[in-house]
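Visitor: Protein chains in written order, with the numbering used here: chain U, 17 to 363; chain V, 54 to 537; chain B, 208 to 524.
What the hints contain is simulated information worked out from the structure, not anything from laboratory work. Don't take each hint at face value.
To be verified - Label-pair distances were calculated between CB atoms; the ranges are: (1) V:Gly452 - U:Arg231: 24 to 30 Å; (2) U:Ala40 - B:Ile472: 46 to 52 Å; (3) U:Phe227 - V:Glu191: 45 to 51 Å; (4) V:Arg384 - B:Phe364: 35 to 41 Å; (5) U:Pro212 - B:Ala268: 58 to 64 Å; (6) V:Ser437 - U:Ile115: 57 to 63 Å; (7) V:Ser437 - U:Arg24: 18 to 24 Å; (8) U:Phe227 - V:Arg413: 48 to 54 Å.
Unchecked claim - Listed below are the simulated BS3-like cross-link pairs for lysine-lysine, each with C-alpha atoms no more than 30 Å apart in a straight line: (9) U:Lys183 - U:Lys254; (10) U:Lys358 - V:Lys70; (11) U:Lys358 - B:Lys263.
Cβ coordinates follow ideal geometry from the N, Cα and C atoms, glycine included.
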Amino acid sequence: MNMPLTSRFSTNILQFFGIMTLAAGAVCLLLFMLDLSPTSIAGAMAAGSFTSWLKFSQILSIWVPLLLCSCGLLFTFQAGLWNIGIEGQVVMGAIGATILLRLPEGVLPPTITIILSLITACIGGGLWGIFAGVLKNRGGVNEIFGGLGLNFVAQGIILYLIFGPWKRDGIASMSGTDIFSRELWLTTPTGWRVAPAALGLGIFIFLLSWFLLNRTRFGLRVKAVGINARAAQLFHIKPERYGLMAILVGGAMAGLAGGLQVTGVYHRLIPAVSSGYGYLGLLVVMLANYKALPVPLIALFFAWLAAGSIQLPIMLQIDSSLSGVIQGACVLSALLVHGLRKKKGAR
Amino acid sequence: MVPDLYSMISLQDIHKKFGTVSALQGVSLTVEPGSIHGIIGENGAGKSTLMKILTGFISRTSGTISFENKEVSLQSPQEARDLGIGMLYQEPLDFPQLSVLDNFMAASTDGNPARQRQMLTRLCAKFGFELNPGARQEKLTVGERQQVELMRLIRDQCKVLILDEPTTGISVAQQELLFATLDQLRSEGTAIILVSHKLAEIHSLCDRVTVLRHGKLAGEQERPFNEDGLLQAMFDTLPSKTSPPPQKETGASILTMEQVVTTAGRVGLDRVSIEIHEGEMIGLAGLDGSGQSVFLQMAYGLLQPEQGRVTSPLHEEDLVMRVFLPADRLREGLIAGLSIREHHLLAGNTSFILTGASGRARSEQAINTFSILGNTETTAEGLSGGNQQRLLLSLIPEGARLILLENPTRGLDVQSSQWTWQHLRDRLPEDGAIVFASPDLEEIMEQATRVLVFFNGSIILDRPTDQTSYQEVSRAITGQVEQP
Amino acid sequence: MEISIAVLLAGIAATAAPLVLAALGETLSEKAGVINLSLDGTILLSAMTGFAIAAKYDSIAAGFAAAAGTGMLVALVLAIISIWLGQSQVAVGFALTFLCRDLAYFLGAPFARIPGPQLSGLPIPLLADLPFFGPILFNHSIIVYSSFIAIPLLWWFMYHTPQGLIMRCAGENPEGCWAHGIRPRVVQTIYTLAGGALVGLAGAAFSLATKPGWGRPQGCEGVGWIALALVIFGGWHPLRVAFGAYLFGFLQMLGILLQDSFPAIPAQIFQVAPFPLMIFTLVLVHLGRNSKGNKLFLLRLLSGTPPGGLGKNYRPS
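Between the sequences and the hints, there should be enough to build the whole structure, so can you do that?
Guide: Now the structure itself:
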């Protein structure tokens with residue numbers, strides 16, 4: 017409890033390597049059993065990732081929404097909530113942004129439209145988060161099932177919009193709405209796969225999250241509510257209110273991720289706009305042991321896996337879901353290692 | 054010690070450590086069949102721990118246990134059950150959502166419901182209990198839940214029966230029935246161990262008594278008991294009479310309850326009406342769970358009355374002026390994982406933006422004034438019980454006018470307790486009041502200016518401490534009051 | 208299009224069969240106090256193993272056995288890390304959900320869209336020819352019959368056997384169990400594994416009967432979450448849980464029927480609609496549960512209290 021900071025830090029590093037070795041070992045074992053070579057797979061996935069800017073910026077384009085979702089989840093986890101509804105919050109953010117981006121041309125200057133669309137994205141995601149929070153506080157619906165239900169509802173809404181009012185001229189299809197006019201795209205320089213503005217926003221949001229959680233009264237109160245809601249009441253903190261605020265902030269960040277996907281990546285609204293980044297964010301934060309600092313690195317690692325695995329079917333005829341297997345193995349190893357340490361500590 | 058020719062159960066040199074804290078240090082105990090053996094001692098003396106070791110509920114660090122003169126390992130309750138050792142735990146460890154019959158049948162070797170129902174009815178008739186086998190366990194009173202457990206242990210023909218503070222929270226009639234049952238079991242040859250902190254119970258039931266103090270054996274007596282000797286063994290020093298509390302002039306009303314009814318807690322509150330005035334130091338007496346805790350939570354505003362009204366000149370916005378210190382400090386009062394500094398940041402007026410140094414001066418000052426063993430970054434769970442209490446006391450804001458405390462000296466040694474009381478007396482403002490619940494009647498009579506006795510959710514006695522006696526209050530605790 | 212009630216009911220019975228099995232499996236483990244949140248992934252992984260093994264060895268029985276084994280294996284991982292090592296059941300279950308899903312797609316890739324064996328119908332002689340009840344109850348595959356039998360069987364086991372009582376005790380109050388001389392963690396492990404096996408069977412019921420074949424997506428994605436919600440919706444009571452599963456089956460059938468009547472509304476809406484509808488019912492139930500006094504009959508029927516020790520890991524000191 018009063019361990020010197022350096023020794024605590026090195027224990028954490030040691031533990032992290034333990035987790036990674038365990039996960040890598042398990043995945044390698046699986047690959048050997050399937051008669052696949054881990055080295056050639058790693059080679060294929062790594063190819064050019066860190067030498068070619070084009071490829072690295074491809075990874076960053078996944079990193080940004082993943083980082084945003086993970087940051088949002090840090091707040092809800094700190095408040096002791098399992099925000100499984102994050103997928104729906106990403107979707108509602110994307111829808112919120114699209115409302116603005118579909119305004120008839122000339123109503124607003126393009127730059128203003130983009131900025132406003134990102135704000136509506138935050139509002140969309142935040143409101144969707146509040147929804148799950150209210151269901152929990154007022155209806156007694158566990159946030160896991162409330163969130164899950166709202167994910168289904170969001171999926172229904174986006175399908176309805178794409179196949180109904182926002183359908184493409186002529187035919188409605190799973191490929192999404194019409195593409196927005198070019199001036200409503202976030203600028204992406206040639207040779208880049210990620211919009212610098214999106215990258216900047218991602219980094220800014222991470223710093224903001226760290227600051228809010230560790231350097232403000234708000235963050236401290238959220239933490240208190242998450243650890244012991246009963247005791248927090250005695251400090252005149254209303255647990256329900258802080259839970260709602262945490263899910264509002266988290267939802268807004270997830271919504272922003274959805275908005276950036278729309279204006280910066282797809283340039284239209286597609287049914288699979290969330291790409292599962294919300295769920296993946298849950299895994300990132302779990303692997304980070306619910307702490308802010310490791311989040312960007314872990315998110316980058318997961319983004320690299322996701323980007324690299326796209327090469328696998330083409331280069332080695334291996335299914336791209338291998339990246340998900342590795343990510344899952346990492347989180348499960350982390351839980352196993354934490355559990356073993358806890359057991360050892362309890363003796 | 055003279056070895057007994059035949060002992061039912063014998064514990065030798067039992068040690069138990071929780072982490073680095075020693076709960077038991079070399080306790081030995083022998084119990085004979087057909088006798089009631091009392092175990093007494095202060096709160097935290099290790100009575101419950103010793104009994105839980107005897108049933109295998111918790112493991113011991115070292116020591117041997119013999120049963121019917123043969124050494125046994127006793128590492129799990131299963132083993133204890135097979136030997137015929139059964140225990141009535143202080144908090145009933147039963148299954149509230151299941152029926153009485155299901156609770157009776159749980160873990161029984163015979164799973165035939167018809168036979169078990171018959172057995173239950175027969176045992177109830179024998180001991181004079183009235184239990185409905187189909188009722189849900191959670192609808193029962195604590196006393197009735199205890200009866201179900203007792204029937205179960207009797208059915209399994211326990212040779213050793215352990216009861217941990219069995220009279221806490223049960224009615225007088227239930228207590229009489231329980232004692233009669235114990236008498237009968239003793240005559241049938243059962244070895245009974247009775248854990249209690251009430252000397253009266255020991256006097257009326259036990260053949261022999263063992264005193265524990267700070268996890269060590271502090272004395273043993275055969276009937277007839279010498280009360281002074283027992284008290285001396287229980288306490289480091291006989292509780293000396295400290296000066297009575299200064300009787301302050303009581304002022305205006307600070308909190309009023311009118312006909313308050315709630316079903317929260319074990320017994321709820323039943324039409325409680327009370328007025329608390331400035332300058333009062335009120336002690337809440339009563340058996341554990343008779344309504345004191347619910348009363349404190351109601352006064353603080355954690356609970357809302359289902360009927361009746363709670364009014365106070367301290368408005369909602371002045372919540373800071375009310376403080377509540379719960380009994381389970383780490384689980385209900387403090388936030389594990391947060392440091393002393395962070396607790397002070399949560400409690401005080403803090404700017405929105407914090408730095409690593411925010412609140413350092415304030416918490417350092419608190420550590421000095423309150424002699425907390427720890428530094429600003431020590432987390433709440435890293436503090437000992439006494440220091441956790443000091444931390445809680447240090448968090449009470451300057452202007453607090455209504456200070457509510459639940460068992461303020463629970464788990465504290467004599468020195469810490471005295472320090473706590475001294476601090477609270479100094480702390481009591483002219484325009485404020487302190488209300489505390491305590492299981493220790495002597496503490497209440499010494500510290501309070503007014504005593505409220507709770508029984509089954511009602512206040513059955515309300516007197517200034519200088520106009521009542523120890524005897525009157527202790528009778529009231531068990532439900533006996535003289536009509537004025 | 209005219210559809211007789213008998214055909215509709217028979218359709219519901221067949222569509223809901225895997226869901227009934229999965230939800231009953233989850234009821235089993237939750238009643239013993241363990242939340243197995245991994246259902247959605249477990250169903251997919253066992254659907255894959257079931258189909259792969261059945262295709263490889265050309266044996267439906269082997270496929271079902273492999274699927275049940277897979278379900279148990281996942282449950283075992285959960286049991287070790289949660290019950291025995293004290294990590295949050297929700298966290299472990301969630302990680303397993305995604306690990307199993309991706310593992311299923313990864314390992315199952317070679318089996319995608321290949322022809323494989325499929326469970327055939329097994330009409331029960333004489334009974335199948337009964338008017339009305341014949342087609343509803345007695346003209347199905349063996350897995351549908353299993354789902355019929357599993358419902359009363361589980362109910363009987365839980366409420367009318369000593370083992371069932373011990374299982375409920377472990378879910379209700381593990382500490383009390385320990386005091387009574389029962390090892391709650393052993394009991395919980397057993398029923399988590401048993402529940403996992405049922406969930407595994409549900410997976411194979413999809414890939415070998417209801418939605419035969421393997422692919423990405425298989426078509427059973429999302430059902431695990433519904434099964435989890437059903438357990439709450441059914442108040443942890445096997446009969447009510449099964450009722451909920453049939454209600455969901457009805458909603459799905461209704462979606463298919465209405466789709467024909469309203470061609471203007473995209474088909475995808477009808478596919479997702481049962482999911483939020485189910486959740487809204489859940490909210491209604493919760494609100495009914497929280498309000499005191501006179502409850503509607505339906506709400507009273509559906510309300511239930513979670514097992515006292517649900518989701519908490521107990522460790523004797």
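Visitor: Go through the numbered hints given earlier and state which of them the structure violates, listing their numbers in rising order.
Guide: Of the numbered hints, 8, 9, 11 do not hold.
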